[in-house]
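Visitor: Chains F and E, in that order, give the protein sequences.
When the letters of the first sequence are read in order and numbered with my numbering, they come out as residues 20 to 119.
When the letters of the second sequence are read in order and numbered with my numbering, they come out as residues 20 to 119.
Hints are computed from structural coordinates only; laboratory data are not their basis.
Fair warning: there could be bad hints in the mix.
Copies of the same chain look alike in the list, so a pair counts if it works inside one copy or between any two.
As the list claims (entries may be wrong) - Simulated crosslink set (DSSO-like; lysine-lysine; CA at most 27 Å straight-line):
1. K82 x K65
2. K41 x K84
3. K82 x K41
4. K37 x K69
5. K37 x K84
6. K65 x K37
7. K82 x K37
8. K65 x K84
9. K41 x K65
Number of protein chains: 2
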Amino acid sequence: MRTRLIFYDIGEDNLRVKLSNKLESLGFIRIQYSVFCGSHANGQWKLCQKEIEEVLNGEIQEKDKVGVLPLNPVELRNMLYFGDAPDFKTIFNEELVIWI
Amino acid sequence: MRTRLIFYDIGEDNLRVKLSNKLESLGFIRIQYSVFCGSHANGQWKLCQKEIEEVLNGEIQEKDKVGVLPLNPVELRNMLYFGDAPDFKTIFNEELVIWI
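Could you build the full structure based on these sequences and the hints that come with them?
Guide: Set out below in C-alpha cells:
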C-alpha cells in the first residue's frame with residue numbers, strides 16, 4: 020500500500036469536476052477543495068493512474084497542473100493541520116473501493 | 020533541512036493573500052495556486068511556524084483548512100506532474116531567504 024496526495028489547479032469547471040468525481044470513485048478522499056488523499060496497492064494505483072490520465076488527456080490546458088505525490092504514512096501522520104483535520108484514520112485503515 | 024508542502028483552503032480573500040505573502044517572504048515557493056513548497060532547517064522552520072500561526076490566529080474561519088506536510092525529498096522527486104512542473108531544483112538547492 021502506498022499513500023498518495025493529489026492536488027490540482029484546473030481552470031475549466033467541467034474537467035475539474037470530472038477529475039474530482041474520478042478521484043472519489045477511485046477511493047481517494049477529499050481533504051481540501053482541490054486536494055485528495057488515498058492509499059492503494061501498486062496494482063490498484065496503476066489502474067488509477069491510467070484512469071486519471073484518461074480524464075486529463077486531450078483536455079488539460081496549458082496553465083492546468085495536477086501533482087501526484089507519494090507519501091510516507093509516518094509523514095502524513097506528522098502533518099500539522101489548522102482547521103478541521105481530515106479523517107486520516109479512514110484514509111489509512113479502510114478498504115474503500117472494491118477492486119475487481 | 021526539511022522540505023514541507025503547505026496547502027490551504029481559505030475563504031476570505033484578505034487572509035488568503037496575507038498567508039500567501041507570508042509564505043513567499045519565508046522562502047516557500049508557490050507550486051500551485053494554493054500549494055507552496057519549501058526547505059528549511061529546523062530552527063528556521065520553528066520561526067516560520069510561529070509567523071504562520073500569527074497570520075492565522077484569530078482570523079482563520081471554521082471552514083478554512085491549512086495543511087503543513089513534512090516530506091521526504093526522495094518522494095518529492097518521485098512526484099508525478101501533469102502540466103508545467105514546478106522548479107524543484109530551486110526548492111531543493113538554493114538558499115532562498117537570508118535568516119538573521
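Visitor: If a hint holds in the structure, say so; if it doesn't, say that too.
Guide: Here's how the hints hold up against the structure:
1. K82 x K65: within (25 Å within a copy, 34 Å between copies)
2. K41 x K84: Intra 16 Å, inter 23 Å, cutoff 27 Å: intra and inter.
3. K82 x K41: both (21 Å within a copy, 24 Å between copies)
4. K37 x K69: So K37 and K69 pass the 27 Å test inside one copy only (15 Å; across, 38 Å).
5. K37 x K84: This pair counts as both: shortest intra-copy Cα distance 15 Å, inter-copy 23 Å.
6. K65 x K37: within (19 Å within a copy, 39 Å between copies)
7. K82 x K37: both (17 Å within a copy, 24 Å between copies)
8. K65 x K84: The answer is within: 20 Å in one copy meets 27 Å, while 30 Å across copies does not.
9. K41 x K65: Within. Shortest intra-copy distance 14 Å satisfies the 27 Å Cα cut-off; inter-copy 38 Å does not.
When each numbered hint is compared with the structure, no violation occurs for any of them.
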